[in-house]
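Line order of the protein sequences matches chains A and B.
For the first sequence, position 240 matches number 220 in our numbering, and the numbering has no gaps at all.
For the second sequence, position 43 matches number 28 in our numbering, and the numbering has no gaps at all.
One or more of the hints may lead you astray.
Said to hold, decoys possible - Listed next, with one range per pair, are the computed distances between beta-carbon atoms:
no.: 1; chain 1: B; residue 1: Ile(-7); chain 2: A; residue 2: Arg130; range: 40 to 50 Å
no.: 2; chain 1: A; residue 1: Lys198; chain 2: B; residue 2: Asn171; range: 25 to 35 Å
no.: 3; chain 1: A; residue 1: Ile54; chain 2: B; residue 2: Gln14; range: 46 to 56 Å
no.: 4; chain 1: A; residue 1: Gly161; chain 2: B; residue 2: Leu(-11); range: 49 to 59 Å
no.: 5; chain 1: B; residue 1: Asn1; chain 2: A; residue 2: Ile213; range: 28 to 38 Å
As the list claims (entries may be wrong) - Derived, one-sided and incomplete: chain A residues facing chain B with beta-carbon distance under 7 Å:
no.: 6; residue: Thr69
no.: 7; residue: Lys72
no.: 8; residue: Arg78
no.: 9; residue: Leu81
Treat the hints as calculated values from the structure; they're not laboratory data.
Bear in mind the structure is a predicted one, so any value in this text is a computation, not a measurement.
Built from N, CA and C at the ideal position, the CB exists for glycine as well.
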Amino acid sequence: MEKIISSIDLNSQIQWVIAIILSILVIATTTFWIWNKLKPSQLVDEMTLRTKSWWGMCFIFLFASTVNPIITYIGLAFLSFFTLREVYTLLKLRDSDRSTLLICYLSIPIQYYFAYQGWYTMFLIFIPVFMFVIIPFLLVLSGDTKDIIRSMCILPTSLMLGVFGISHLALLISFPEMNEGNISGKALLLFLIFITEANDIMQFVFGKIFGRHKILPKVSPNKTWEGFIGGVISTTIIGYFMGFLTPLNSWQLILISLCIAVLGFMGDAIISAVKRDFGVKDMGDSIPGHGGFLDRIDSLSTTSSPFFHLIYFMVIV
Amino acid sequence: MKKLTLIIIYTIFWRNFLKIIIGLKYYNQQVLRKKKQFILIANHNSHMDTMAIMSSMPSRYIHRIHPVAAEDFFGGSRFKKILMRYMVNATLIPRKRANSDEDIDPIEVMSNLLKKGRSIIIYPEGSRGVPGVMTDFKKGIGYLIKQNPTVDVIPVYLDGLHKTLPKGKNLILPYNCRIIFGNVINFDSFDLKDIINTAEKAIHKIKSLVE
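Please take these sequences and the hints and turn them into a complete structure.
Structure follows, in structure tokens:
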């Protein structure tokens, strides 16, 4: 009986989040619509386009994360796949790397299978330990040593960014201890994504409104101290109030939101620098207004794995 | 029956495979809508080119669209010939006219198809060439358009497909790539050189627009 009550309780929490997300979208859409009527500008057009894409992304994400766990795994695996494809399209890799690339793509289903089974150790070591050795060796097998060090470094890193980080989202819903008693992996997943994306938006908003002093002038002119500090503070506040999704107490919530905010900024900055090196503005054009997949999930790829382990230390150990 | 096979292969299998796994994006595809007959000209770098173009064809007319392929390369064996005929809907033409004993004029083969109301896909560069580099058009396309001035000519630019399956490899890998349809070419004069120039410019124009 108690279990049934707790599960209903959790469902109602998730329903709350869905309601919050939808109302934010409705408010944003109407705000930009009115703004566009009053004072049309390029910024508003871009914001309208971005909000439209947010609608699509939210619906796909909410569908994938709430309907059936299997769909969540497949959806996340495809997210990793699209991200890798985007990176490999921009990277000028050698022709002899092609067979190794296939192994990189094949590591996605394997990694998500470990996540699905909840094999914690295998999941943790597969990419950083196994693939870290297998990929360079396969490159050596192809026999082409010219510029081999570049491929040796790039391919494992791309897997860490695109697969290892994102797959922690899948591990959240399968990890046995994360789905016991009053802890729900699904709710934690919602919390993490909500906070990470809120952090992205808040840093953007504060940067646009108050931005003066550039934090990384050579890498990304859009990132300012004002945006960073405003984003971190507001994300921590949002995280504190979204705490009903997690089993954490208030100081843990503040700490974890703070970490997500700072790590999200780091991920964003890393991908910005990578884009600088590629000489492109966006990684792709898959999401209108946002750019490519990696432009959107850049912060998620760095926040998800630390989030998982922080929760692990705070709650389970 | 042939139409059904082609729809299953291209409209259902290849289109989804290319879209989801390979990451192909279709642009300006609506040019083809309501067109019963056309000559499609495209740049050629990979065997995937034909798959990409065929997968973007409207399924209603797909059995009436024939990619043109070189007989010496694709018609090597009986099995290959049947495969090309039924799976790709291709028309084989002899590439080296001097070598063949029979006196088949490749232009005539294509012209006859057009006269029957069929559409054709042709790669005016003649062969796949160097990856990512466009070479000059062969004269064949000029003769063909000169003989059939009423048929619409649609230029297509294939961007990045040579990375999914480069020449000489047989592993298809995902890469984000694009297929961009241009508008119907207007020919001012039907002089052989002008036709080739205009056609070449049309594809280069799409290329410069997307880069």
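What are the numbers of the hints the structure violates, in ascending order? 2, 3, 5, 7
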